[in-house]
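Start from chain A and add chains B, C and D according to the hints.
4 protein chains.
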Amino acid sequence: MLLQLRKNLSEADFRSLADLARELGYRVVALDGVPDLVRLEGPGAPEHRSRIEDCYAVARVLDAGAARELFQRAPGAPDTVVTVGEARFGGGAVSLIAGPCAIETYDATLAIAREVRARGATLLRGGAYKPRTSPYSFQGSRRAGLEILGRVRAETGLAVVTEALDPRDVEAVGEVADMFQVGSRNMANQPLLAELGRQRKPVLLKRGFAATLREFLLAAEFVLAGGNTQVVLCERGIRGFDPSTRNVLDVGAVAWLKRTTHLPVIVDPSHAAGRADLVPALGRAGLAAGADGVMCEVHPEPGETHSDGSQAIGLEDFSKLVADARALAALDGRTLVAPTRPAPHTV
Amino acid sequence: MLLQLRKNLSEADFRSLADLARELGYRVVALDGVPDLVRLEGPGAPEHRSRIEDCYAVARVLDAGAARELFQRAPGAPDTVVTVGEARFGGGAVSLIAGPCAIETYDATLAIAREVRARGATLLRGGAYKPRTSPYSFQGSRRAGLEILGRVRAETGLAVVTEALDPRDVEAVGEVADMFQVGSRNMANQPLLAELGRQRKPVLLKRGFAATLREFLLAAEFVLAGGNTQVVLCERGIRGFDPSTRNVLDVGAVAWLKRTTHLPVIVDPSHAAGRADLVPALGRAGLAAGADGVMCEVHPEPGETHSDGSQAIGLEDFSKLVADARALAALDGRTLVAPTRPAPHTV
Amino acid sequence: MLLQLRKNLSEADFRSLADLARELGYRVVALDGVPDLVRLEGPGAPEHRSRIEDCYAVARVLDAGAARELFQRAPGAPDTVVTVGEARFGGGAVSLIAGPCAIETYDATLAIAREVRARGATLLRGGAYKPRTSPYSFQGSRRAGLEILGRVRAETGLAVVTEALDPRDVEAVGEVADMFQVGSRNMANQPLLAELGRQRKPVLLKRGFAATLREFLLAAEFVLAGGNTQVVLCERGIRGFDPSTRNVLDVGAVAWLKRTTHLPVIVDPSHAAGRADLVPALGRAGLAAGADGVMCEVHPEPGETHSDGSQAIGLEDFSKLVADARALAALDGRTLVAPTRPAPHTV
Amino acid sequence: MLLQLRKNLSEADFRSLADLARELGYRVVALDGVPDLVRLEGPGAPEHRSRIEDCYAVARVLDAGAARELFQRAPGAPDTVVTVGEARFGGGAVSLIAGPCAIETYDATLAIAREVRARGATLLRGGAYKPRTSPYSFQGSRRAGLEILGRVRAETGLAVVTEALDPRDVEAVGEVADMFQVGSRNMANQPLLAELGRQRKPVLLKRGFAATLREFLLAAEFVLAGGNTQVVLCERGIRGFDPSTRNVLDVGAVAWLKRTTHLPVIVDPSHAAGRADLVPALGRAGLAAGADGVMCEVHPEPGETHSDGSQAIGLEDFSKLVADARALAALDGRTLVAPTRPAPHTV
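Residue numbers (the working numbering), protein chains in the order written: chain A, 66 to 412; chain B, 66 to 412; chain C, 66 to 412; chain D, 66 to 412.
Only chain A is shown next, with the shape it has when bound in the complex (with noise of 0.2 Å):
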């Protein structure tokens, strides 16, 4: 490891980061000449860089060595490959996630959830606890929603993403789903994220709209740290300054993400967009940077919602995402994975 010191440090100050480079089993190499930096020699772990860098007396890590994180992609490493139900992310396959905002009723939520698979998405999204700015707005469907999934879940054959908000309902969620979704407001919701590294299934999650990429990255790290190695991130716009649309979908971020890491990248249009009309182009600008699978919104008539139906595009709309997806997978070798066992209630 490499590192800038601060300057004017008092003797004690480096004594504490000399101390505990040497009980993490560095030896502390100065640099003749450049009383700033100094050079670790030592093992690496994944928790080291985390623990040097917090030291008062470090500036900055110039170099992290072989200190890697677990979610760092090792040179020439694979992708990690995660597979919910029929759909399967990294590796070269692709995978679609659709169905509505937030779910209302059995009837409706079976509808869209046969519609999307039958056009081609392999893992259905919908919102039971609902994360919301106001008190007073609609907080969704909670318990009576997550049984309306499991039901939809069992009808179609369709495996199911829903978030958890709070650590006390992980439980709860997980009955059900088959991807736990962590949503954009609580990427940093530590007490969360430490309850999914102790479950044994799928993670999904999204950026914060403010959140740095390593910021982000030591996110999933929360959970992998705890054992949970299935971890999908999803980038659904950053806040920028201009209300044409509601967030800056960041491709950029896709294409750095992966290289940088083993996991897999989807991207969320809808939330990106937050305008129907812009969906499509964002999925498919997703997709050409690089991600693993497109997340959005899909509602048979958008204006009867309860939440975010501006957002949500409609089956036709989904059919040519579908379309454009398998097109563009196609263009770097990869394949959009296709739902291929027959839904249960056919047989």
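One or more hints might be untrue.
[Stated by the list, open to error] In silico DSBU-like cross-links for lysine-lysine, where the CA-CA straight-line distance does not exceed 30 Å: (1) A:72 x B:385; (2) D:72 x C:385; (3) A:72 x D:385; (4) C:385 x A:385; (5) D:385 x C:72; (6) C:72 x B:72; (7) D:385 x B:385; (8) B:72 x A:385.
If you're looking for bench data, these hints aren't it; they were derived computationally from the structure.
Frame of chain A, contents of chains B, C and D only:
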């Protein structure tokens, strides 16, 4: 309420809005020659704006009229004054909160508590549960830290504010703390806010580092709507694009909030600056913009601390900040609240 | 036009607005029961919205109605197609612009021009006048660079786009360039835009790195209002908060602009990414979002260049980008324009 | 100078760097065991850092050492004091600049100049050339406005600061102005900065609304490098994501700049707030953070002005700001400069 509707609205979507409006007690009035606008005449209640705004048909609430949320200052209404031990925020009272970033040992915490109280602080800050970016960073002394805070509180007579990260910890934190802190990363953590809304102790709510002011106020509304009326807002810097300071202290937000809400507003220059040498200047700037208090990290020997040592100011700088705060408060007829009761151990 | 007025407006302020509106040919209609709104009935002309918006009395233009600026796409109107030599932007035509960052020597420029033309570029880029952050950085080869561009243009038959920084240089640049480039730093340089509005050659206008889309379009309007109708807009990344990429390529802006204006829109992934390894992914993302072209920096030996060497891609990566662009254009029925005329020197 | 090199550097790229370094008089020293770092030992000159930084081989300058740009404050060096008529900025002197946004008529300008001078302003501001977002907005009274400014200057004895937008107008503006203003949109307009570097009159340089502090200081360096040493920096708000205020006044930047550069720093709360009611609070905050002055728009009847009327404060608010500025300056031993010479027309 005056509403701008979405363009090309379907009959059904408009009917959903009209039905909800009538259910809430409003009369729906069309505006002659302007099909995209509609006026709602009726009673107004804190929850109405959000519920109407959530309708798909509504593009924008142009004027909320009498539907005023609990956080809003009615025309001419006085400040809410929040009292915590000797400290008082709002209504012309300015108070200073000081202490270490994280609670480490009893002796160190006691020493600093005595020092800051003697110099003019009326509330002790210190983290037992620490929100961190990395799972490998020091996560706080937790229960042991709470216990230390309790002992120092008893010994010095200083009231204590400390952070709760997890709704499951609120009870334990509440046994020691005189005021709950919600950190920037948790501003939108609704289960936590809801739990604090059920408490009857003051809450110090920090602005998310990329939250709009309306989002910030609606986070406060989660607490207020639960029946807890004692909320102090804290501006602690928003994320910017320049690496010179860690965050950008938004003094315009302070001035705007003081006009918009009756709740007290303070600033945290330590997290805004991220470096001790700029903290006094930012504390003064916050007060000059109208803040009802300053919270800052103080440490007798900044280098010997586990977290955020670089932003803690020394004791002499704190004394100077107290003097400046007194002068700045006086500038517009306000008063810096001084510790008046003798410390228990001196009796 | 539908206007929201400022609250507590004086009689005199309202009269100023009403007088201007009448002078422009509008009838001012009050809205029953809504004192803060006013409707203007009348003809509509490109300059009316800005002039009305500038009145102190106007808080916001809610609907511009028929007062449509020149950049706006009328409902159902086709794309403006901008042709520069062999290149064509808009109306289903996609073209690639490539070349070195800065013009250095004749031999190097000629070599790269031949290579990129052979691989599919139809327009040569290269800076003679370079906008730089520091006064001590290489400011470009200036007149000598223009002369080189002129010779390479004659030799290869490739049309040339190059930047003008100073209104006093427009004439000299125009003697060589087939298209003027306005850089991001100069998007709001009005004397320069006004000068280009008087030219009759196409203008490539880059978005300021923190410009809203309306500000971007109004910068184009400065050129259009001067009578020069040939403007191509270029999204080149906005300033973000994460250091991983230099800027954030705003693909949502591309999609939104294509709906809002009839002008062609291209992307510059080189300046967005700031690092060569991400350029192809961002170029593909821009095209997938609907861009009518890509401009990128190409250099046979990236290390041997005076400016921005780190973001120039090599020739093989460029060939791959050409192939991808062809496939992406085909995805929605568009065509990548290929160089068709034989190069002059081969005749 | 201490340099971090790019990874996987070619022999040729490294040689380019080494050759330039030697040419500038440096000895290149490798660091034992750290191939990515290199130390340059040598003289240091203002232009060296930028020239070395531009080499492809250099990933980052870790320490500029003695290669200090002209704007940098050498350790222990005093403030540069800039004097403009009666106004004085820096070295403990605080001055107020006031006046209308745009120059309209002689009578109105004279009236306001007399009022603000009588209340404590020592420098008159007022735009003759106005940078605007739309080509259809009022672009200023131009030559006629300059002439009015000249007459008011002669009549009142107040020195004048006004904006130059175009390098071709610098001479005409310089015939009237005591100080040139460079607006936020033109901070990176290099031909303009270079022209002002050739003048021998003070320059008021406003920060671009999304410029980093290093970019801001390097813009000043363009003027300083031309031989004009009289530059005053002006923080006027950066672009944020919240619509409540037009911009975010970056008081941390003020505090940081005062430590980093010897040049005076002032704030412009009018453009930061974008609304008159917040201007006094932001002006106070800027001074409390260490600013050497405040520039604000004042208008006796805010509604009757062509541009930015909503952000101009009235005369009584200005008087209060003068009193506050006096008290705030005194807080740390500084002095508000008062108009002392009798106005010429009273002689």
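These are the hints, each one checked on the structure:
1. A:72 x B:385: Roughly 25 Å separates the two Cα atoms, so the pair holds.
2. D:72 x C:385: With Cα atoms ~25 Å apart, residue 72 of chain D and residue 385 of chain C stay inside 30 Å; holds.
3. A:72 x D:385: 43 Å, violated
4. C:385 x A:385: 25 Å, holds
5. D:385 x C:72: Distance ~25 Å between residue 385 of chain D and residue 72 of chain C Cα, so the pair holds.
6. C:72 x B:72: Within the cut-off at roughly 26 Å; holds.
7. D:385 x B:385: 25 Å, holds
8. B:72 x A:385: Holds, at roughly 25 Å.
Violated hint: 3 only; the structure is consistent with all others.
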